[in-house]
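Visitor: In case you want the letters, here they are:
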Amino acid sequence: MLTNYIKIAWKVLLRHPFYTFITLFGISLTLTVLMVLTSFIDHLIGVHYPETKRNRSLYMMQLGIIDSTKNSRNQSSLSYKFLKQFVLPLQTPEKIAIVSDRMTTNSYVGSKRLRLGLKFTDAAFWEITDFAFVAGKPYRQPNVTNGDNVAVISESFRDDYFGKEAAVVGKSIEVDNTRYRVLGVVKSVPDTQLFTSADVYLPYTVPKSNYLTDSYLGMFQVIMLARDSQNMAAIEQEYKEVISRIPVPFVDNGFKAYHLETDAKTYFDTFANTQAGGPDIATFLTLVVLFALMFMLLPALNLVNLNVGRSMERASEIGIRKAFGAPITTLLGQFIIENLFITLLGGLLALGLSWIIITLINQSGWIAHLDMTINLTVLIVSTLLTLIFGVLSGIIPAWRMAKLSIADALKS
Amino acid sequence: MIRHLFTLIWNKKRSQALLLVEILASFLVLFAVMSLLVFKVGNYLSPIGYQYQNRWAVTLDWGSLPDSLADPIRQRLKQRALAYPEVQAASFSSGNTPFANATSNGEHHWNGKVINSFHFWTDDDFARTMDIPVLEGRWFNRSDAAVTIEPIVITQTLRQQVFGSENVIGRILVADDDPKSKSRIIGVVGNYKRAGEYEENSPGTFYRYQRDRWQNTLVLRVRPGTDARFEARLIKDFGNIAKEWSFAVNYMADQREAKQNQEVIQIATFLILITFLLINVALGLFGVLNVSIARRRGEIGLRRALGATEGSISWQFVGEMWVLATFALVLGLLLAGQFPLLNVFDLDAGVYLVAMGVSVVVIYLLVTLCAVFPSRQAAMVQPAVALHEE
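If you read the sequences in order, they're chains A and B.
Going by the numbering used here, the first sequence wraps up at 412, each residue one higher than the last.
Going by the numbering used here, the second sequence wraps up at 390, each residue one higher than the last.
There could be a bad hint or two in this list.
[Unchecked claim] In silico lysine-lysine, DSSO-like type, Cα no more than 27 Å apart, as pairs:
1) A:LYS70 with A:LYS81
2) A:LYS112 with B:LYS243
3) B:LYS243 with A:LYS81
4) A:LYS411 with B:LYS13
5) B:LYS12 with A:LYS411
6) A:LYS84 with A:LYS95
7) B:LYS78 with A:LYS112
8) B:LYS180 with A:LYS256
9) A:LYS95 with A:LYS187
If you are wondering where the hints come from, they were derived from the structure by calculation, not from laboratory data.
Given these sequences and hints, build the entire structure.
Guide: Now the structure itself:
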């Protein structure tokens with residue numbers, strides 16, 4: 001039965017190449033836009049290099065301290081002082097890594113000037129993440145304890161500073177008036193990865209980091225690795241208890257704080273909350289879905305109109321099938337399946353187009369080292385979108401066609 | 001004639017309804033994108049208000065050193081920079097220098113009016129360094145150090161929003177949360193669009209640099225042609241004066257380009273999407289008209305047989321589309337009209353009106369374009385052939 005329907009759909013497609021072109025053009029470009037969007041969102045919040053353990057990681061990005069009337073607040077990354085007192089002693093996480101905000105500074109090679117992103121990290125940072133080392137190795141606990149001037153640099157920074165493919169382990173770089181010995185070179189991380197993207201990674205104990213400040217607000221963020229996904233809730237719970245035991249009010253840099261706002265959250269939630277206004281992830285996804293639906297609406301309406309207009313083409317077929325007793329539901333089913341088939345065809349085209357566009361965007365340098373992909377998640381979401389689009393655009397014409405009265409249908 | 005077209009459309013209202021919804025939806029999408037475009041283009045046409053070529057922003061980070069102790073060192077850095085022949089002017093500023101991502105804003109109160117304004121903290125040399133023309137009054141100078149009421153310089157936009165064309169020099173504004181914090185206007189500058197050309201021309205207020213404040217950016221005007229070799233030397237010297245400090249140099253021209261690219265990408269994305277949607281809609285309408293004309297061959301043949309000219313047949317189909325589009329546009333304009341009326345997104349009503357106008361024209365063009373070819377074909381119908389089929 002199904003193969004029959006699909007055969008018929010295929011014949012209908014071949015009968016009018018122009019209408020087929022219009023239909024496939026609309027479907028495939030609409031789906032292409034949505035697939036590229038899906039891939040980009042997946043790139044932002046999915047599991048990607050180098051944070052391959054993101055599914056069992058919790059993140060801390062900011063600390064907010066708030067006055068008694070909740071009118072005024074100071075918000076920033078966390079300080080080493082705060083982390084040492086309240087975060088590093090946590091018992092439940094398997095590992096805790098601290099990493100600073102991305103600082104920008106310059107480095108000079110002859111008359112060339114390199115802009116670079118700098119992150120100060122601890123040794124656990126290299127254990128929680130899965131950086132691909134092109135050469136050398138990361139710095140370890142002894143380097144951090146001694147405050148050694150050592151560095152891990154990104155592949156692209158190496159190419160800019162020393163020249164392409166140079167052997168650099170053991171050589172030194174000068175950044176912000178200080179020389180650091182290069183221990184390792186890692187594959188570059190896209191700028192969109194908030195916690196891990198930088199050109200130069202240094203131990204947080206080097207003199208330039210100024211990590212010993214007196215405030216709770218500072219420049220560090222935290223990645224915590226849970227043993228498994230159940231363990232994550234326990235970590236959140238333990239951290240909440242620790243925070244609730246901090247005596248308030250306290251004075252921080254002249255600001256009298258009555259409330260503390262800090263959470264260990266999944267990357268998903270952390271990401272959504274850093275965006276202005278801070279919607280939670282549910283709102284964020286609702287907005288994305290709404291946008292996708294709105295965007296599909298116009299092309300879908302377009303198809304509906306075209307198909308309704310063309311329904312008379314099939315009148316004789318419908319009339320005969322009805323005369324031989326096919327119920328409305330069977331016809332309805334047939335037309336919807338036909339439309340789904342066409343939509344899936346468009347979806348396949350869209351997949352090809354998306355792949356081309358994604359490759360182009362990745363190469364354009366719009367975001368440094370961007371590595372958008374079409375992975376399983378993107379594929380599943382895309383298929384879902386395609387099905388939704390197929391039903392959305394198929395149901396009204398199918399209904400109109402199935403309801404055609406026999407007399408009218410056979411008259412022509 | 002037009003009444004006749006109305007009747008024709010009314011008789012087929014069920015199948016025309018979907019077409020109407022499609023045109024309506026196209027109009028609304030077009031209107032949204034056009035509003036954004038008109039807004040951005042309008043912004044672009046208003047001058048930026050300062051020079052960014054050969055301007056460097058050096059960010060200073062003195063870590064945990066108290067701000068008051070950092071100040072003498074800051075001053076030495078500025079003097080050192082000015083000692084170079086390559087540096088033509090230098091000034092301290094808060095971190096929200098042009099094209100930087102930082103912003104700072106607050107409210108002014110005056111006679112019951114509340115105005116939100118961007119705040120900037122700069123020193124006596126800032127206007128000179130950035131080439132900001134002072135239109136009325138004067139920029140800060142040494143004499144402002146001793147006054148009790150804090151002097152401020154405001155932008156033309158702020159002046160117009162609060163005072164219109166009245167004289168403003170010497171007037172006193174009160175800050176948002178604290179009625180005791182007063183400031184006296186001593187000068188007015190023109191535009192100051194800190195985020196670049198595409199930014200809205202918003203009100204801005206300049207405050208004078210003070211020792212215990214955190215003006216952590218040193219803005220330099222360098223001689224044209226100065227390159228990274230000098231920059232490296234400068235940073236090395238700075239490092240010798242302030243050992244534990246960190247420095248980062250940004251070229252404003254580069255920062256502007258990055259900002260500009262972001263805007264252009266945003267606008268281009270919208271343009272590509274809207275073009276795709278419109279092409280899609282156009283193809284669809286074209287197909288629908290083709291089909292419906294094929295179905296109305298009998299009607300056309302009859303009219304031709306009764307003496308209708310080719311022109312009048314074409315005109316009938318184009319006319320039908322126009323009437324339909326007009327219905328959709330009236331509905332669309334009723335909806336779009338709510339935006340300026342309810343003042344959504346705080347945009348100027350003119351932006352919405354221009355966007356509406358452009359969208360209406362584009363929709364009529366689109367509809368005509370889609371109708372012309374099928375209706376020409378309809379006009380070619382030979383009465384004998386058409387009626388024979390029947």
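Visitor: Determine for every hint whether it applies to the structure shown.
Guide: Status of the hints after comparison with the structure:
1. A:LYS70 with A:LYS81: Within the cut-off at roughly 24 Å; holds.
2. A:LYS112 with B:LYS243: holds, 24 Å
3. B:LYS243 with A:LYS81: holds, 23 Å
4. A:LYS411 with B:LYS13: holds, 23 Å
5. B:LYS12 with A:LYS411: Holds. LYS12 of chain B to LYS411 of chain A sits at ~20 Å (cutoff 27 Å).
6. A:LYS84 with A:LYS95: At roughly 14 Å apart (the allowed maximum being 27 Å), LYS95 of chain A and LYS84 of chain A satisfy the hint.
7. B:LYS78 with A:LYS112: The hint holds at about 24 Å.
8. B:LYS180 with A:LYS256: holds, 21 Å
9. A:LYS95 with A:LYS187: holds, 23 Å
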